[in-house]
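Undergrad: Chain by chain, the residues:
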Amino acid sequence: MTILGASFDTPADNAAFAQKFSFPFPLLSDPDRSLALAYGAADDASARSAKRVSCLIDEEGRVLRYYPQVAARDHPAEVLRDLVA
Amino acid sequence: MLKPGDPAPDFAATAHDGRTVRLRDLRGKKVLLWFFPKADTPG
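Protein chains in written order, with our numbering: chain A, 1 to 85; chain B, 1 to 43.
If we strip away everything but chain B, and leave its shape as in the complex, we get:
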């Protein structure tokens, strides 16, 4: 399990608008990455 202070694993993934999002491009900002089981399911 990831712990505070661990390097966050870098990734590149396709966003819903077709853009590629890379974690390393977001340096300088805080990032909240949250996983959801399936599109359009209730919380």
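If we strip away everything but chain A, and leave its shape as in the complex, we get:
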């Protein structure tokens, strides 16, 4: 299982964020919003910040589950439930 975070921040901002909380996974920069547009985390390229959505992708690159509204606190447990389901 690979976890990837993504936002519109610069790699430098994300590096500071990752260091502060010792995240053991990569934080991706999406400055042109292309990733967010593809995954429904932005309505258009001028979006100021990414929506809290999440996508679980299977081993063949298909969507296993799409989460249109993520509550950060509950999300890890939610995904774990879906992984064992």
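Check each hint, because a few of them may be wrong.
Once the Cα atoms are required to be at most 20 Å apart in a straight line, the calculated EDC-like pairs of lysine to aspartate or glutamate come out as [to be verified]:
1. B:K29 to A:E60
2. A:K20 to B:D17
3. B:K3 to A:D82
4. B:K29 to B:D10
5. B:K3 to A:D13
6. B:K30 to A:E78
7. B:K38 to A:D74
8. B:K38 to A:D13
Think of the hints as simulated: they come from the structure by calculation, not from any bench.
Once you have looked at the hints, place chain B on chain A.
TA: Same frame as chain A, now just chain B:
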């Protein structure tokens, strides 16, 4: 909105350590891609 079974849109993006991460390089593993609004904001 993406639905189960849809092909996940491929992407290449720069990680905070400078590496380029491509979705297609991660075949064979499950991937959780989650978006956050801004670095260093509370959940």
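Undergrad: For a C-alpha distance cap of 20 Å, please report whether K29 (chain B) and D10 (chain B) respect it.
TA: Cα-Cα ~14 Å, so holds.
Undergrad: Can the restraint linking K38 (chain B) and D74 (chain A) be considered satisfied, given a maximum Cα separation of 20 Å?
TA: Within the cut-off at roughly 19 Å; holds.
Undergrad: Holds or violated: K30 (chain B) with E78 (chain A), Cα cutoff 20 Å?
TA: holds, 15 Å
Undergrad: With a cut-off of 20 Å on the C-alpha distance, tell me whether K3 (chain B) and D13 (chain A) pass.
TA: violated, 31 Å
Undergrad: Taking only the CA atoms, is the gap from K20 (chain A) to D17 (chain B) under or equal to 20 Å?
TA: holds, 14 Å
Undergrad: Given the hinted pair K3 (chain B) and D82 (chain A), is their alpha-carbon gap at most 20 Å?
TA: Holds, at roughly 15 Å.
Undergrad: Is K38 (chain B) within 20 Å of D13 (chain A), Cα to Cα?
TA: Roughly 9 Å between the alpha carbons, so the hint for K38 (chain B) and D13 (chain A) holds.
Undergrad: Is it true that the CA of K29 (chain B) sits at most 20 Å from the CA of E60 (chain A)?
TA: Roughly 8 Å between the alpha carbons, so the hint for K29 (chain B) and E60 (chain A) holds.
Checked against the numbered hints given earlier, the structure breaks only hint 5 and satisfies all the rest.
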